[in-house]
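S.K.: What follows is the residue order along each chain.
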Amino acid sequence: MTLRRLGIYSAVVVISAWVALPLVLITLAAFSPREILYAWPRRIWPERFTLDTMLFFVRSAGVLQSVVNSLIVAVLTIVLAFLISAPTGYALARYRFRGRDAVQLAILATKMFPATVLSIPLAVAFIRWGLYDRLIGVAIVHATLSIPFVTVIVSSVFVGISYELEEAAMTLGSSRLQAFLRVTIPMALPGLAAAAIFTFVLSWNEVFAATILTLNNRTLPALIINSVVAAGAPLHYRFAGGFFMVLPALIIILLIRRYLLTLWGVTVR
Amino acid sequence: MVVADAELPQVAPRGRVDWTPYLLVLPTLAFLGVFFVYPMAQAIWLSLTDQQSGALSLTNFRRMGGDLYFIPAIRYSILIMAIAVPLQVALGLVIALLVNSRFRGHSAFLYLTAIPIGISDLAAGLIWLSIFTERGYLNAFLDAAGLAAQPITFLTYEHTSWLIGAIVVTEVWRATAIVMLILLSGLQLIAKDYHDTASIFGAGRWQTLRHVTLPLLRPSLQTALIIRTILAFQLFATVVALAGRQIPVLAGEAYFWYSLYRSPNVASAYAALILVLSAAITFGYLRLLRQRELEMTA
Amino acid sequence: MAEITLQHLRKTYGKVVAIKDLSLDIKDGEFLVLLGPSGCGKTTTLRALAGLEMLDRGRVIIGGHDVTALPPGKRGIAMVFQSYAVFPHMRVYDNIVFGLRMRGVSPGEQRKRAEEGAELLQIASLFDRYPAQLSGGQRQRVAVARAIVMQPDVLLMDEPLSNLDALLRLHMRAELKRIHREVRSTTVYVTHDQVEALSLGDRIAVMLEGEIVQCDTPARIYNAPANRFVGSFIGSPPMNFLSGTLRTVDGRLTIERDGARIPLPPARKVTAAPADGTVLVGIRPEHIEVTAAPAPEALPGRVVVLEPIGAQQLLTVRVGDDIVKVSTPPEFQADAGQQIWLRFNPDRIRLMDAQTGAAILS
Numbered sequence: 001m002t003l004r005r006l007g008i009y010s011a012v013v014v015i016s017a018w019v020a021l022p023l024v025l026i027t028l029a030a031f032s033p034r035e036i037l038y039a040w041p042r043r044i045w046p047e048r049f050t051l052d053t054m055l056f057f058v059r060s061a062g063v064l065q066s067v068v069n070s071l072i073v074a075v076l077t078i079v080l081a082f083l084i085s086a087p088t089g090y091a092l093a094r095y096r097f098r099g100r101d102a103v104q105l106a107i108l109a110t111k112m113f114p115a116t117v118l119s120i121p122l123a124v125a126f127i128r129w130g131l132y133d134r135l136i137g138v139a140i141v142h143a144t145l146s147i148p149f150v151t152v153i154v155s156s157v158f159v160g161i162s163y164e165l166e167e168a169a170m171t172l173g174s175s176r177l178q179a180f181l182r183v184t185i186p187m188a189l190p191g192l193a194a195a196a197i198f199t200f201v202l203s204w205n206e207v208f209a210a211t212i213l214t215l216n217n218r219t220l221p222a223l224i225i226n227s228v229v230a231a232g233a234p235l236h237y238r239f240a241g242g243f244f245m246v247l248p249a250l251i252i253i254l255l256i257r258r259y260l261l262t263l264w265g266v267t268v269r
Numbered sequence: 001m002v003v004a005d006a007e008l009p010q011v012a013p014r015g016r017v018d019w020t021p022y023l024l025v026l027p028t029l030a031f032l033g034v035f036f037v038y039p040m041a042q043a044i045w046l047s048l049t050d051q052q053s054g055a056l057s058l059t060n061f062r063r064m065g066g067d068l069y070f071i072p073a074i075r076y077s078i079l080i081m082a083i084a085v086p087l088q089v090a091l092g093l094v095i096a097l098l099v100n101s102r103f104r105g106h107s108a109f110l111y112l113t114a115i116p117i118g119i120s121d122l123a124a125g126l127i128w129l130s131i132f133t134e135r136g137y138l139n140a141f142l143d144a145a146g147l148a149a150q151p152i153t154f155l156t157y158e159h160t161s162w163l164i165g166a167i168v169v170t171e172v173w174r175a176t177a178i179v180m181l182i183l184l185s186g187l188q189l190i191a192k193d194y195h196d197t198a199s200i201f202g203a204g205r206w207q208t209l210r211h212v213t214l215p216l217l218r219p220s221l222q223t224a225l226i227i228r229t230i231l232a233f234q235l236f237a238t239v240v241a242l243a244g245r246q247i248p249v250l251a252g253e254a255y256f257w258y259s260l261y262r263s264p265n266v267a268s269a270y271a272a273l274i275l276v277l278s279a280a281i282t283f284g285y286l287r288l289l290r291q292r293e294l295e296m297t298a
Numbered sequence: 001m002a003e004i005t006l007q008h009l010r011k012t013y014g015k016v017v018a019i020k021d022l023s024l025d026i027k028d029g030e031f032l033v034l035l036g037p038s039g040c041g042k043t044t045t046l047r048a049l050a051g052l053e054m055l056d057r058g059r060v061i062i063g064g065h066d067v068t069a070l071p072p073g074k075r076g077i078a079m080v081f082q083s084y085a086v087f088p089h090m091r092v093y094d095n096i097v098f099g100l101r102m103r104g105v106s107p108g109e110q111r112k113r114a115e116e117g118a119e120l121l122q123i124a125s126l127f128d129r130y131p132a133q134l135s136g137g138q139r140q141r142v143a144v145a146r147a148i149v150m151q152p153d154v155l156l157m158d159e160p161l162s163n164l165d166a167l168l169r170l171h172m173r174a175e176l177k178r179i180h181r182e183v184r185s186t187t188v189y190v191t192h193d194q195v196e197a198l199s200l201g202d203r204i205a206v207m208l209e210g211e212i213v214q215c216d217t218p219a220r221i222y223n224a225p226a227n228r229f230v231g232s233f234i235g236s237p238p239m240n241f242l243s244g245t246l247r248t249v250d251g252r253l254t255i256e257r258d259g260a261r262i263p264l265p266p267a268r269k270v271t272a273a274p275a276d277g278t279v280l281v282g283i284r285p286e287h288i289e290v291t292a293a294p295a296p297e298a299l300p301g302r303v304v305v306l307e308p309i310g311a312q313q314l315l316t317v318r319v320g321d322d323i324v325k326v327s328t329p330p331e332f333q334a335d336a337g338q339q340i341w342l343r344f345n346p347d348r349i350r351l352m353d354a355q356t357g358a359a360i361l362s
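Residue numbers (the working numbering), protein chains in the order written: chain A, 1 to 269; chain B, 1 to 298; chain C, 1 to 362.
Treat the hints with care, as some may be off.
Partial chain A-side listing against chain B, Cβ under 8 Å, derived [to be verified]: (1) 29; (2) 33; (3) 118.
Read the hints as simulated data drawn from the structure, not as lab findings.
Backbone N, C-alpha and C fix where the C-beta goes; we use that ideal spot for every residue, glycine too.
Taking the hints into account, I'd like the entire structure generated from these sequences.
M.R.: Okay, structure coming up:
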């Protein structure tokens, strides 16, 4: 038994290091003085930490504005995604209706063909519809991409809340709507918040559609990739940008950890 | 009884359909119709029309096929997929099995290994750039270990295989988490009874894994394979961050044709190609799956 | 006044008929039990009464008002669910007064009624707890308290005891009976447990395949089942049924089988005599006497097995091709294969039509 436990723990240590080390290194890079990053011999641990590299990144042209843009897009995406997907998630959880399987399959299919295929024709359409280079246009695409995830979480949240509770509230004098608002919604809030957070991450991280669909109103990833491809941004800008983008992910994974399995745990049959 | 007896026969509508669920589903379907089905059809349409004349033609595909980067893009996309996906599945399975063994601290381990699902392909590319770049951490470690007096240039077109290696490492680091979560949720669906039964019949751990767990896990393994394979065609920002256009890939070419050459039609041809490849792979996997199921029930 | 009238209820789910054509009158203050196997439509009937199911046809009248079109909250009912449906995000107190709040009852009155209800169910000390901190039995008490503080005209209960363990179930059964005596609401109670039905109900409506087969007092249901199904569903072990021939011998109805002749008391009459005289003889295990010596009115049989079950013993006997269960006193002794004779109490015999299974003896 001890041998087996030794095996398990050594595997755990190796894999943990494999996942964690790059995160530690990018953090070091983001807080190292600039000259260290270009020096040889290259020190791993800087003698002093500095905010200069991060400040240089944040003060670079367009970065602050693109962060604001990213936040606006993310919030718009959350609003859109919930308006569009939450009712479907509820319906899939609470109703048995003809065509239910087809709806589920259609939604699952969205998971299969994400941003790349959608973005280019949409860019052409958006120019015609006056949505090109506008944050709402990016949010619309991000909302489309988030539909399968939000639907699945919302539906699993409502499946977890017995409908009998709503019925009980109705026998006690609530209307259908009151029962939903006073009984189901308060219980669903943590799960719905997790769905919102996940949507935020999805939008915050998305590169391809954001790049294709914007020109001046860049989101952060679109700005970074553009400065890498077109402007050949310096390395310390890239490292600081990478670290800046990862930061929310770290916090957010902690917040939604209970729903990690729901998000991806749908099996195609 | 004060009730006016059945003088008004109750005309309750019979066989009535409850329209509520359809009403609830409608926004999603409408939205998917406009922003998902329409663009897919549009992609195919754009790829089949000439940019200037608007006439139906195969010009775009000819331009795509004639491009210097086209063949390498297909080759590298498939090559990276063929190396990275099996590694992701293998490593994901190991992590999922480790978590599922419920050792002390397994939930902390789960959250740590799940972190990369919150990290974008671009950020992952930049993180590993800080390691693989010439004055990066890998060289620093080699130097500290006395293995390299001069920094080694890993990310150069002179060593295509090194570039591909860096991309594969980054993809495995970033996307194993998704595979792991799919497999873990599949593992948790397998009732403990099976394992107990297997151990009662004297099966060892490896035998149980080989003959009980893995066969029962097959649906999840297949899901993971499908999703990862399809997403491999979306590979873009990681490659751009690490290799620029030295390693062309399909999604990257779509991007360059759209932004650099201002040709949405050829870009659409790439999009259509990705669409067809993704659909073919999904269909192929599902066909394979169905056939297996039939064999099993027969 | 809250008598309930159900008129010609019908409910289908697609092609499945849950309730066929159900009519029933329930008296004010009565404790009526809907009893039947799973899928017989008893829960659907209760939910239709509560307004949680839309009927295809029929009317529900409570206290003289047609409530068929009213939502559950406007029917003057309260309901205890099988899962209890106690709101997990509210404290016990908030659970209990939820309905009073929805109805706009003043906070003082809420408090007063909650305390009364809690006292009746002995849960006053739990007011500040969350449901997750309660045992199953306590949660059930909260659900009942939440229903009765509404002072409903009609109290509906859907298998409220089925999630409790055996001992607690016995205890709560007596509690529910006591509570009903105190609050006097008309009560409709759904269960598949015949012992519960017999112990609780003023009347029992036995249901099968969406229809009421028999609705009567527990004593009548037990002693005079309207058909073979009721006889075999109620009682543990259930009523024995074995075939026989009905003749009139010397002006008296007589059952013949395996050479034995059982004359029936002169007062008993057959409502519909079968043409060839073939009938099903129904007799409960406790109305059979075992003798060691043959007698003209005793059926011969062989002992299969004897099982002690506490206060008495259960004897399994093979009579021809039929198996008969007999209750015997604890001191009775018999060996497997032993030849014995069974004497049926003629006052307790039920006769059923061999084809339809319907009772044919008054």
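S.K.: For every hint, state whether the structure bears it out.
M.R.: Tested hints:
1. For residue 29 of chain A, the interface hint holds, the least distance from its beta-carbon to any beta-carbon of chain B being 5 Å, beneath 8 Å.
2. Below 8 Å, beta-carbon pairs count as interface contacts, and residue 33 of chain A has none with chain B, the closest being about 13 Å; its hint is therefore violated.
3. Checking residue 118 of chain A against chain B by beta carbon gives a least distance of about 5 Å; that is within 8 Å, so the hint holds.
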